[in-house]
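Peer 1: What follows is the residue order along each chain.
Protein chains: 2
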Amino acid sequence: MMTKRIGLFGFGVVGQGYYQIAKKQKEQWVPDTIVVKDQKKRRPSDIKFSYTAKDVFDKNPDYILELISDEKEAYEYVTEALKRGITVISANKKLLSAHLPELISLQKVFGGKLLYEAAAAAGIPVITNLETHFEEDTIISLEGILNGSSNYILSRIFNNGLSFEEALRMAQQKGFAESDPSFDINGSDVSSKLNILILHAFGKFVGQEQIATFGIQHLGDVEINLAKALGLKIKLMAKADKDYRGISAQILPTFVEESNSFFGVENEYNAVKIVSEHLQEQFYLGKGAGSLPTGAAVYGDLIKARNGFSYNYSKVNFDKPLDEKLLNLGVRVLFRSKSLEQNDSVVFSPEYSIHLDGYYYTVGKVKPKNFSRLNEEGGVSIVALPDSVSAEDVDYAFREIQKSVEVV
Amino acid sequence: MMTKRIGLFGFGVVGQGYYQIAKKQKEQWVPDTIVVKDQKKRRPSDIKFSYTAKDVFDKNPDYILELISDEKEAYEYVTEALKRGITVISANKKLLSAHLPELISLQKVFGGKLLYEAAAAAGIPVITNLETHFEEDTIISLEGILNGSSNYILSRIFNNGLSFEEALRMAQQKGFAESDPSFDINGSDVSSKLNILILHAFGKFVGQEQIATFGIQHLGDVEINLAKALGLKIKLMAKADKDYRGISAQILPTFVEESNSFFGVENEYNAVKIVSEHLQEQFYLGKGAGSLPTGAAVYGDLIKARNGFSYNYSKVNFDKPLDEKLLNLGVRVLFRSKSLEQNDSVVFSPEYSIHLDGYYYTVGKVKPKNFSRLNEEGGVSIVALPDSVSAEDVDYAFREIQKSVEVV
Ligand SMILES: NC(=O)c1ccc[n+]([C@@H]2O[C@H](COP(=O)([O-])OP(=O)(O)OC[C@H]3O[C@@H](n4cnc5c(N)ncnc54)[C@H](OP(=O)(O)O)[C@@H]3O)[C@@H](O)[C@H]2O)c1
Ligand SMILES: NC(=O)c1ccc[n+]([C@@H]2O[C@H](COP(=O)([O-])OP(=O)(O)OC[C@H]3O[C@@H](n4cnc5c(N)ncnc54)[C@H](OP(=O)(O)O)[C@@H]3O)[C@@H](O)[C@H]2O)c1
Numbered sequence: 001m002m003t004k005r006i007g008l009f010g011f012g013v014v015g016q017g018y019y020q021i022a023k024k025q026k027e028q029w030v031p032d033t034i035v036v037k038d039q040k041k042r043r044p045s046d047i048k049f050s051y052t053a054k055d056v057f058d059k060n061p062d063y064i065l066e067l068i069s070d071e072k073e074a075y076e077y078v079t080e081a082l083k084r085g086i087t088v089i090s091a092n093k094k095l096l097s098a099h100l101p102e103l104i105s106l107q108k109v110f111g112g113k114l115l116y117e118a119a120a121a122a123g124i125p126v127i128t129n130l131e132t133h134f135e136e137d138t139i140i141s142l143e144g145i146l147n148g149s150s151n152y153i154l155s156r157i158f159n160n161g162l163s164f165e166e167a168l169r170m171a172q173q174k175g176f177a178e179s180d181p182s183f184d185i186n187g188s189d190v191s192s193k194l195n196i197l198i199l200h201a202f203g204k205f206v207g208q209e210q211i212a213t214f215g216i217q218h219l220g221d222v223e224i225n226l227a228k229a230l231g232l233k234i235k236l237m238a239k240a241d242k243d244y245r246g247i248s249a250q251i252l253p254t255f256v257e258e259s260n261s262f263f264g265v266e267n268e269y270n271a272v273k274i275v276s277e278h279l280q281e282q283f284y285l286g287k288g289a290g291s292l293p294t295g296a297a298v299y300g301d302l303i304k305a306r307n308g309f310s311y312n313y314s315k316v317n318f319d320k321p322l323d324e325k326l327l328n329l330g331v332r333v334l335f336r337s338k339s340l341e342q343n344d345s346v347v348f349s350p351e352y353s354i355h356l357d358g359y360y361y362t363v364g365k366v367k368p369k370n371f372s373r374l375n376e377e378g379g380v381s382i383v384a385l386p387d388s389v390s391a392e393d394v395d396y397a398f399r400e401i402q403k404s405v406e407v408v
Numbered sequence: 001m002m003t004k005r006i007g008l009f010g011f012g013v014v015g016q017g018y019y020q021i022a023k024k025q026k027e028q029w030v031p032d033t034i035v036v037k038d039q040k041k042r043r044p045s046d047i048k049f050s051y052t053a054k055d056v057f058d059k060n061p062d063y064i065l066e067l068i069s070d071e072k073e074a075y076e077y078v079t080e081a082l083k084r085g086i087t088v089i090s091a092n093k094k095l096l097s098a099h100l101p102e103l104i105s106l107q108k109v110f111g112g113k114l115l116y117e118a119a120a121a122a123g124i125p126v127i128t129n130l131e132t133h134f135e136e137d138t139i140i141s142l143e144g145i146l147n148g149s150s151n152y153i154l155s156r157i158f159n160n161g162l163s164f165e166e167a168l169r170m171a172q173q174k175g176f177a178e179s180d181p182s183f184d185i186n187g188s189d190v191s192s193k194l195n196i197l198i199l200h201a202f203g204k205f206v207g208q209e210q211i212a213t214f215g216i217q218h219l220g221d222v223e224i225n226l227a228k229a230l231g232l233k234i235k236l237m238a239k240a241d242k243d244y245r246g247i248s249a250q251i252l253p254t255f256v257e258e259s260n261s262f263f264g265v266e267n268e269y270n271a272v273k274i275v276s277e278h279l280q281e282q283f284y285l286g287k288g289a290g291s292l293p294t295g296a297a298v299y300g301d302l303i304k305a306r307n308g309f310s311y312n313y314s315k316v317n318f319d320k321p322l323d324e325k326l327l328n329l330g331v332r333v334l335f336r337s338k339s340l341e342q343n344d345s346v347v348f349s350p351e352y353s354i355h356l357d358g359y360y361y362t363v364g365k366v367k368p369k370n371f372s373r374l375n376e377e378g379g380v381s382i383v384a385l386p387d388s389v390s391a392e393d394v395d396y397a398f399r400e401i402q403k404s405v406e407v408v
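Going line by line, the protein sequences match chains E and Y. The first sequence begins at 1 in full-length UniProt numbering and counts up by one. The second sequence begins at 1 in full-length UniProt numbering and counts up by one.
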């Protein structure tokens, strides 16, 4: 097989993971040009680095790997490459989530290909499966744990009793967190991934602003202890459903029962559940972050591209947008707020309410369209509650945690 | 897109599942010729049937779907088709497990393609993933629940207290069982699937006679009640491992702990866990039997074939065969036998033994090479025991079940 020219942008967690794998496998997959940004950073002395994209493009590469942390510059590199008909592998969910419709057009017009498995669930080949196995199946819902870093944090909190801050520091040390970890914990990383997956599952580009998002950063001890008292865990769940009205999508910390497939998904693992008409129910679990699993996803895309694989986007149809009414459907949650006014203006169909340590906790319904505003109001926390956990269960748990406080 | 000519062999559980999906999706995927066997069977009157393979081949089909229950005749149809360079989709694990090396050669020589996702884990795209995502990753182990029918039976026994016979009858009614259900329960269906998966995972054709196999048909109430007393379940597990000595493969009823990913796999679901060097750990769950999931896997293969996808078999290397010594490694089990002689001649490193209701139950090691002989000796049952379940735990459980017997 003829050696291919490969240009690599970025030599961080993902870039180094890719490099390590390519080096160990076949020499032909080692990039001939590696572009990074910071001229002052110490680098391995046995690798030659470049600091300008020109060095990549001048060599007329067959493949470009875009593994940088920046969105704007990635946009320049990727669109330039696609316009030259080059095959690009990207791990950049921010870029993809913002620009997929344009990037799909560029592929169609100029014949370049773009693969990006690492941008969704890293080690789990969910985009590939959606594009092959599910290509002509009708998907009913897609649900997942899509951020390795926040899942790692929740595992440390629930299984090791760590505080939020301690757990976040550990996730950063292990390389699971994005360079700006606030994207991990406020749900925005998940929302970019869900936005990409929705396109492949349902053929629509909904855009992140249409995905009702609330992160784990406002979780308090009460929610955590409540979950423990009921034998539940809290997971940051992403969910997209399709029915006759359209697609609804939301990202919410969620009380998860032991019988739920996601209960046992721990640490940096991601998991995805797809319900479809023919294949019915599938569940995938794999590493969603970290140097080797992400590098391997990039490497896998490169091998697939060499074998002639590309995304067909056969479900894609951008005609009819998301129905905004879906953001008005109620989600059953445990809602925490600082004031009774806030509580009453947001929660409808309340089932239970309690006042504890200066906060109001209410079981009831909230509208996804309010999530982004509530995120900024402060004091608020929202955790989705499955129907099978009744208001009585919640009441029982509140009594339990108050008991334990009194005893200490 | 030009209409393709499709010939279908077989209109049973899988054939009808495929037909139903093709009909609902796009008319072009509905077969123009359907060959079945029994001229006296009542059939839907709105579909035309043929009774000779000639009717398919005379039409020069682009695709042939081989979905019949017979192995020998399937061999004729599939080899004939491949020699004509036709693309074939098959669900026939018996055929594939017996003849894969030859079928791979025929593809290479004549340019026809053969896809067979439905033959492994039906709804789960495990072969496709092995051929794409894992193509250049080194697989360390592959483990799975690969027979929907026996898993369904075990679920009914463990979750609904049914007897073995009642549970088997239900599996047959639901269409999960093969036409001859003994293949489901004696492990031979699983062993043909594992044989196929080993080829795609490790590149070796080990052959079913090298896969140490023991089914669920000899399971007794004692093993089942013992599992229940310990909070365990029994699952029919298939496992293949690779180390410096070679590949070892075995199929055994296995005590499974709650912390194991396979614990929650119920009913006709299949599941596969793959551990590899780069992607590390992946777990897939989906429907492994039944009309629609299996039909959808066939349909998915057809769509993939149309998109130019084929198996690369890039790991395949038939040079060095399986090391027979691996069949001599010990597996830790609970062993039941009718005589002390049999017990002592088979079990080594015994940790615990008890005599109950005319049987000897021993925790110790047995050699996989003895499984097939023990299968025929009668009275014997073998259930693999994880290291974390100690001899003391087993002793405790034996006391518990004897207590409950006395009380009744
Ligand atoms: N970490 C994960 O587990 C993970 C998982 C899935 C997807 N991703 C995605 O993969 C991408 C890379 O993530 P990462 O974790 O590897 O980030 P990282 O460790 O922060 O590394 C980023 C790399 O990009 C380089 N870079 C930044 N701007 C550049 C520019 N304009 N031109 C050339 N190089 C530039 C940096 O150069 P310097 O070395 O000079 O700083 C650095 O080498 C991101 O899009 C991220 O969202 C990450
Ligand atoms: N059932 C499952 O869930 C499942 C899952 C995965 C794979 N599979 C595999 O899929 C294949 C089909 O299984 P199935 O469950 O659909 O079997 P089935 O329900 O017993 O149906 C078998 C079909 O094959 C036809 N047939 C048998 N010999 C034939 C011959 N020589 N020429 C033409 N047609 C012939 C039969 O014809 P008549 O109608 O005239 O009897 C019948 O239509 C098997 O290889 C099986 O191992 C099954």
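Just to be clear, a hint being listed does not mean it is correct.
Because identical chains cannot be distinguished in the list, a pair is counted as satisfied if it fits within a single copy or across any two copies.
As the list claims (entries may be wrong) - Subject to a maximum C-alpha distance of 25 Å in a straight line, what follows is the list of computed DSS-like cross-link-like pairs (lysine-lysine): (1) K369 to K242; (2) K108 to K26; (3) K242 to K23; (4) K369 to K23; (5) K242 to K338; (6) K367 to K113; (7) K242 to K24.
Since the hints were made in silico from the structure, they are not lab data.
Peer 1: If a hint holds in the structure, say so; if it doesn't, say that too.
Peer 2: Results of checking the hints against the structure:
{"no.": "1", "hint": "K369 to K242", "in the structure": "within (17 Å within a copy, 52 Å between copies)"}
{"no.": "2", "hint": "K108 to K26", "in the structure": "between (31 Å within a copy, 24 Å between copies)"}
{"no.": "3", "hint": "K242 to K23", "in the structure": "between (43 Å within a copy, 23 Å between copies)"}
{"no.": "4", "hint": "K369 to K23", "in the structure": "neither (48 Å within a copy, 40 Å between copies)"}
{"no.": "5", "hint": "K242 to K338", "in the structure": "neither (34 Å within a copy, 58 Å between copies)"}
{"no.": "6", "hint": "K367 to K113", "in the structure": "neither (39 Å within a copy, 51 Å between copies)"}
{"no.": "7", "hint": "K242 to K24", "in the structure": "between (43 Å within a copy, 19 Å between copies)"}
Hint compliance for this structure: hints 4, 5 and 6 are broken, all remaining hints hold.
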